[in-house]
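Model the placement of chain B on the given structure of chain A, informed by the hints.
Single-letter residue listing:
Number of protein chains: 2
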Amino acid sequence: MLKKEDIAGWFQNLQDNICAALQQEDGKGTFREDAWERPGGGGGRSRVIENGSIIEKGGVNFSAVHGTLPKQISTALELDDPGFYATGVSIVIHPYNPMVPIIHMNVRYFETSSPGRNGESTWWFGGGIDLTPHYVVPADATFFHRELKKVCDLHHPEYYERFKKWADDYFYITHRQETRGIGGIFFDRLGAAEGSKEDLFEFVKNVGSAFAPIYCHFMKKNGHLSFDEHQKEWQMIRRSRYVEFNLVWDKGTKFGLQTNGRIESILMSMPPQAHWHYDHQPAANTAEAETLSFLKKGINWLEV
Amino acid sequence: MLKKEDIAGWFQNLQDNICAALQQEDGKGTFREDAWERPGGGGGRSRVIENGSIIEKGGVNFSAVHGTLPKQISTALELDDPGFYATGVSIVIHPYNPMVPIIHMNVRYFETSSPGRNGESTWWFGGGIDLTPHYVVPADATFFHRELKKVCDLHHPEYYERFKKWADDYFYITHRQETRGIGGIFFDRLGAAEGSKEDLFEFVKNVGSAFAPIYCHFMKKNGHLSFDEHQKEWQMIRRSRYVEFNLVWDKGTKFGLQTNGRIESILMSMPPQAHWHYDHQPAANTAEAETLSFLKKGINWLEV
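In order, the protein sequences belong to chains A and B. Take the first sequence: its position 200, counted from the start at 1, is 200 in this note's numbering, and no numbers get skipped. Take the second sequence: its position 274, counted from the start at 1, is 274 in this note's numbering, and no numbers get skipped.
Excised from the complex, chain A in its bound form (with noise of 0.2 Å):
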């Protein structure tokens, strides 16, 4: 039977072989860790990297937590008994280049003490790895979500069409009505109904086994292209959205901020720079104006 303890084991060894990974490829910057302790039991690992010859900023977080929810909290969850555990990863990248993507992915395990209402699970995992192009490439939005497809296929013949479509929804920047970037998938509280746990962990597990290979992959193809003034600019346009769409709507970021999250660890996600501009429109035909086209639920990237 396998345990909560396992799967925070194996969530801390991702860590650290996601810094490694990171480190190597990168090989300049240096991931400092700082441990903390929540107060309500458990605690984590928060890893960062700064001012890498790629990475720019970028964090890795492990936690495993434990103790009572807030009220608000378990009262949205439906949870009749607010004890609970939670473990996961969390990681966002920014990259120096702008040629480079902004990459977020999140693996997590949920339990509750409260008994399943309705019969419902009482246990669930939920993630997802999503992609923000500064510039969309289709060639490279097709090798990101083929790779997640592969991944989803050796599961179930239709996870990939089910999380991405939910992945489209999720990293939905509605005040912009536009897409946070190429999305990717995600998914959340696959419990009983969808599986046993030994096997929604293994989807976890090759969810947060991909993540290095691909995100290196883009940092060893684009890592060193050379780029403009110009370009530097559009991309801290670019994070200013991303700044946008995890303080208004992303529910993690929320969750944390209201429930005394550890704060650096939750911001750790902010880019190191972002610039607003007054109504900024990118000319007509140029690149710009291309990957604001592309920032758009449904496109089927697998084929473009």
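Derived by calculation from the structure, the hints in this document are not laboratory data. A few of these clues could be false.
[Said to hold, decoys possible] In silico PhoX-like cross-links for lysine-lysine, where the CA-CA straight-line distance does not exceed 25 Å:
| # | chain 1 | residue 1 | chain 2 | residue 2 |
| --- | --- | --- | --- | --- |
| 1 | B | Lys149 | A | Lys254 |
| 2 | B | Lys251 | A | Lys254 |
| 3 | B | Lys254 | A | Lys297 |
| 4 | B | Lys71 | A | Lys251 |
| 5 | A | Lys165 | A | Lys150 |
[As the list claims (entries may be wrong)] Which bits of chain B does chain A cover? Going by a derived footprint, with three or more residues having C-beta under 8 Å, they are:
| # | segment |
| --- | --- |
| 6 | 48 to 61 |
| 7 | 147 to 156 |
| 8 | 276 to 289 |
Yeah, the Cβ is synthetic: ideal placement off N, Cα and C, and Gly gets one too.
Below, chain B alone, put in the same frame as chain A:
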């Protein structure tokens, strides 16, 4: 009898006067205007200045809108009938020089066609002025608060104390456990229970009229002080806190983003740039550490 159109007309003039005063004091930047219409009724004039000699980015917005409130809003306001009229002026100014404070002002009038539940007023005024210095200078803070107290004292001996506390509580970045700046005054829902519409409008007019002289004082006094790279970087960090407050906690911004407001007018409050460093802490006994020590509720700035 004071009509809503009279109030809107006065607000529109206030926008003109403030823009003229800021433009003259800046000496270089000029406002561009975007007039816009709201599909549901009414519209506004957004005025934005960028790359002035002192003002790096600022917005002075006027709007007068009417129609039907979304269900979630009328419920939150406890209105049985969602018909509404709202007019106001909103300002945020981000100066180039870190020695000049960021300033925010809002004056607004709201009325509803809903019968007053429990005899409550069917119209009200709201607004305030607050200051966010990148470096808190006690003498400047005292000047600012004394000017606001003069305005308040013209109308009610308790207004300053009451609205100063309200600003401390409102402009609070809960997740950072710090105030956005040194506060100022904030008030909302001043309706029939508080005084006649004419008297309250006089108060709001005095608040609006106080803005330009106060900010021009700081532009003149601090706009040409020298500063270095380190101080500029600190400004960028303070600006990121401004972003966090506005996107996570500010009710006006949230209201605008949830009700399909004009995005560029709402987000004109964003700074031109902002920086996030992981776990940034100023060194002990520096001007930056001193500023942080002042970002607390309940400081009596009248006599510091």
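How the hints compare with the structure:
1. B:Lys149 / A:Lys254: Answer violated: lysine 149 of chain B to lysine 254 of chain A is near 36 Å, above 25 Å.
2. B:Lys251 / A:Lys254: Holds, because 15 Å separates the two Cα atoms, which is no more than 25 Å.
3. B:Lys254 / A:Lys297: holds, 24 Å
4. B:Lys71 / A:Lys251: holds, 23 Å
5. A:Lys165 / A:Lys150: holds, 16 Å
6. 48 to 61: It holds: at least three residues are needed, and the segment 48 to 61 of chain B offers 4 whose Cβ sits within less than 8 Å of chain A.
7. 147 to 156: violated (count 0)
8. 276 to 289: Holds: 4 residues of the segment 276 to 289 of chain B have a Cβ under 8 Å from chain A.
In terms of the numbered hints stated before, the structure departs from hints 1 and 7, listed from lowest to highest.
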